[in-house]
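> Sequence:
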Amino acid sequence: MKHIYTIAALTFLLISCGGKEKSVDEILAEGNLETIRERRTALETQQIALSDQIRLIDEKIESLDDTKKLPLVTTVKAVSENFVHYLELQGSVQTKQNIVIYPELSGILQNVFVKEGQQVSKGQALAKIDDGGLEQQVAQMQIQLALAETTFERQKRLWDQKIGSEIQFLQAKSTYEAQEQAVNQLKSQLAKTTIVAPFSGVIDDIITDQGSVVMPGQSQLIRIVNLKDMYIETEVPENYISDVVEGKQVKVEFPVLGTSVDTEVRQASNFINPANRTFKVEVAVPNKEKNIKPNLTAKLKINDYTNQNAVLIPLSIISENANGEQYIYVIKNKESNNEGLAERVIIKTGKTQGDIIEVLSGIEAGAEIIKEGARSVTDGQTVKVIKY
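Per full-length UniProt numbering: the sequence shown = residues 1 to 388.
Hint data in this document are derived by calculation from the structure and do not stem from the laboratory.
You may find that some hints are simply not true.
[Claimed, not checked] List of simulated lysine-lysine pairs, DSBU-like, C-alpha gap at most 30 Å:
1. K384 <-> K69
2. K251 <-> K192
3. K251 <-> K96
4. K332 <-> K115
5. K69 <-> K115
6. K248 <-> K192
7. K351 <-> K96
8. K351 <-> K251
9. K122 <-> K288
10. K60 <-> K384
11. K251 <-> K334
12. K192 <-> K128
13. K187 <-> K173
Let the sequences and hints guide you as you build the complete structure.
In structure tokens, the structure reads:
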């Protein structure tokens with residue numbers, strides 16, 4: 001049948017060569033149904049003949065081109081380099097010098113000597129509570145103390161000269177010492193009416209206004225903060241207890257500020273919380289610019305593992321078999337035309353960081369590993385390596 005179509009097409013071409021062939025538009029314009037049908041038959045015959053020729057050409061190309069049958073893959077080299085792994089955690093900034101001061105005595109808050117934002121020194125007077133007459137009592141008792149002291153000194157001189165009785169000397173001494181203790185106790189009570197800074201820092205908030213009645217242990221007076229000794233406390237899973245120790249390097253990021261600082265673990269707890277199986281670590285935070293505030297959210301990257309000669313490969317190329325073993329495909333016996341054998345290799349992996357993973361066994365540095373196309377090859381199959 002194919003040869004009949006071919007002969008008909010050639011016959012039509014020979015007839016057409018005998019004279020000037022009319023175009024399709026001309027035939028359509030004439031409106032002769034028979035002529036139109038003849039032209040349509042001739043065109044169909046040509047189309048079939050050309051399709052047969054194209055098919056024969058494709059079959060020949062396929063038989064001659066062996067590379068078309070090979071899976072095309074890309075490869076990467078397993079590299080050996082310094083691998084630094086970070087344990088990523090989250091925490092918040094704290095300071096041990098961030099306290100709210102409470103009064104030790106009840107009374108009226110008579111004076112507040114500082115303002116919010118003011119820098120104060122340790123021991124500086126911050127506020128004064130009405131002493132309720134304690135100062136006058138101290139003055140009166142000091143007069144009595146002076147009299148008791150004079151009496152004791154005179155009695156002592158007489159006793160040293162063996163004049164008078166011993167009981168008189170002891171009574172004078174007892175009266176003087178008791179009066180001295182009473183004065184000191186009253187002075188201590190009077191000192192509690194003056195609120196002083198327990199450490200140097202900044203007045204962050206004046207909570208109670210001047211003239212308010214305050215009560216010990218109940219009324220919050222002033223918040224004072226020192227931004228020098230800042231730290232971050234976070235909880236670390238117990239399986240890192242031998243890796244996260246004092247002195248380990250830490251990179252701290254502050255998303256709100258858009259900054260980061262390099263520091264280290266200042267303290268690692270020796271106690272594991274039985275409720276969540278974690279232990280606490282404390283990371284020092286340098287704050288020279290004083291822009292880091294208490295309770296600021298921070299991201300911590302703690303260096304828990306380092307290998308200077310780690311074999312690293314992309315995480316995405318690893319597959320897993322039914323036994324839970326991880327494997328990859330490597331290129332073996334690669335020829336000059338970039339054809340080679342795909343060999344499945346079982347590997348053991350270590351820690352990951354981002355999109356790379358450490359290979360502990362199975363391959364060595366320099367191994368050529370299939371990347372793109374690894375999911376479509378089989379063990380021992382010939383593949384062709386291409387480059388992008």
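> All hints, please: hold or fail.
Status of each hint after checking the structure:
| no. | hint | in the structure |
| --- | --- | --- |
| 1 | K384 <-> K69 | holds (10 Å) |
| 2 | K251 <-> K192 | violated (44 Å) |
| 3 | K251 <-> K96 | holds (21 Å) |
| 4 | K332 <-> K115 | violated (77 Å) |
| 5 | K69 <-> K115 | violated (84 Å) |
| 6 | K248 <-> K192 | violated (44 Å) |
| 7 | K351 <-> K96 | violated (35 Å) |
| 8 | K351 <-> K251 | holds (18 Å) |
| 9 | K122 <-> K288 | holds (20 Å) |
| 10 | K60 <-> K384 | holds (22 Å) |
| 11 | K251 <-> K334 | violated (44 Å) |
| 12 | K192 <-> K128 | holds (9 Å) |
| 13 | K187 <-> K173 | holds (21 Å) |
Violated hints, in rising order: 2, 4, 5, 6, 7 and 11; the structure is consistent with all others.
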